[in-house]
Amino acid sequence: MSVMPTDRGTGTAARARRAGAASLVANQTRYDLRAFRRNTRARIFTLAVPVLLLLILVALFHSGTVKAGGATVKIAAYYVPHIAAMAIVGAGLINLLITLVAKRESGSLKRRRATPVPSWVLIAGDAATSILSSLVIVAVLVAIGSIGYGLAVSGAALGVAAVETVVGAAAFCCMAYALSGVVTNAESAGPVVQLTTLPVYFISGIYVPDDELPHWLLDVANVLPVRPLAVALQAAFVPATNGGQRFALVPVMIVAAWGVAGLLIAVRTFSWMPKRS
Amino acid sequence: MPEPGGPAARAADAVAAGPQPRPGSAGPAAGRGPAVISVRGLRMSYGHYEAVRGIDLEVARGEIFAFLGPNGAGKTTTVEILEGFRTRTGGEVQVLGADPAHAGAAWRARSGVVLQESAPEAWLTVRECVSMYAGYYPNPLPVGRALDLVGLTDKAGGRCDRLSGGQLRRLDMALALIGDPELVFLDEPTTGFDPSARHAAWEVISGLRDLGKTIFLTTHYMEEAETLADQIMIIAAGKIVASGTPATIGGRARESTTVSFTLPDGLTPADLPSLPAPVTEGRNRTVEIVHHEPLPVLHAVTSWALQRGYPLSDLSVHRPTLEEIYLRLTEGQT
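First to last, the sequence lines map onto chains W and X.
First residue of the first sequence: 1, per my numbering; consecutive thereafter.
First residue of the second sequence: 1, per my numbering; consecutive thereafter.
Please note that a few of the clues may not be correct.
To be verified - Listed below are several chain W residues computed to face chain X (Cβ distance under 10 Å; list not exhaustive):
hint, residue
1, S23
2, T99
3, G107
4, T115
5, P116
6, V121
As the list claims (entries may be wrong) - Output of the computed footprint for chain W on chain X, the stretches with three or more beta carbons under 8 Å from beta carbons of chain W:
hint, stretch
7, 102-113
8, 118-128
9, 135-149
None of these hints come from the bench; they were simulated from the model.
Glycine residues also receive a C-beta, built at the ideal position from the N, C-alpha and C atoms.
Can you make the complete structure from the sequences, with help from the hints?
Below, the structure is given as structure tokens:
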């Protein structure tokens, strides 16, 4: 029934292809990042809160050590990767979910849907924004750890942490898209996501060190996405916590699996149209 | 904004000249150029509720088509099917030569959409927002030209979320136009405008017709439809109840005209000259003569009054407005 490719249709399609997928994503990411930079809520949640938490937690336990992964770790070397994991969740999941639901409910997504931009370009723009902002915040936390608390930082540690940050941010970005299907209005997006993440942070050793938590809670946390990301980042800086391996393959795979699951759900449930109508 | 005396004045001329009534005007776009939108037997059900119950419509290239109807009549559902947002449950739909339910990016590049409600892109300036949208299209207009078309050049550096309601709608319009579309959907584009903003928007819209765009307009303002539209269609409870030009819709051209005035002191209706229709007396000595031909009535009344020196200063000739026709056709449907 549809006879799509008219002469003009193929012409514009060809031009659109020449314009290139990469430049479409670059265009989108440029404006998404600009909006992110100007968004006070996003800046506070993704940047200020993790920095503040790191400073407070290290101050609280300033001279202590923590037993993590069978190794003894200085408190700063423990909290830098754990708060970094939390920051990635903030930039990838929380910030994106709130922004996404607000955009959908205000009709902003629907309006973009009326343009020829492919949906994956918009999603890639969101993912790139999450990844880049995650890399910035993780770099800031590592810099504070290195300059302020003498955290040992090698090139290898930075490389592995960067890879894990990219995987983590992309995975939580997919989870945000999956969760957006069940959050029906912009006002409830914030509370829903805080309620979901706060208990997970507590049982994942983000605030309370590993050695204070009962084993069964850690076992639960180990199959959720937050703790594996923290464990992997911890191993990047202190390989002894992972039997000497700097790259913790299994935890990274668990994070990636959550991302893939999120993506599969998102593909089925994601909606451009406001839910309220 | 277009210059005063520019597109708006030309649009006014077109309205004054009056679209020609065509024999069988409810029919397809025959003689009006190729159809940009063609709909046959369109149906849409939500569960057991049938929102659209078999409608036909044709929109010719370069015309402004106004789609009217009460809230809940199936208007927005129909528009969203034409825009490709919803998948119909029955009927044939062709928009720009393709079925919107299966059309892709190249098709979307040829149409622009102003949604009934949409918030600005938070945190971006007007220029940034329009530039971002320009990046979505293969052949966009220059950003400055789109801003100029809708009269937002002065606000280009301002943040989108600090615009007034009317300015936001103009930004929506700029976003719909930035891809240089052939077809523009405007869903209640002036709702909530003050009268001067509404007239400014009409100038923009009739300017688009002058650029050769086809426009599918939904509105609740009859004056808007009357000023802008080449064709009007009224939907109520999911069915088309009338279609035609602003002058002919709903049998308007054949409607009776009411001539009314206040009787001069000391006279009764019996003192009036012989008239082609009965005289009815209302409150405060007003009389009404309803007849399908106003001219003989006016001639008789005015010659009589002139001869006797009665001023008849409140003499009025009233033809049913589009709003009256609309209310009659959609009665009990709201």
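* To do: Would you list, in rising numerical order, the hints stated earlier that this structure does not obey?
  => none
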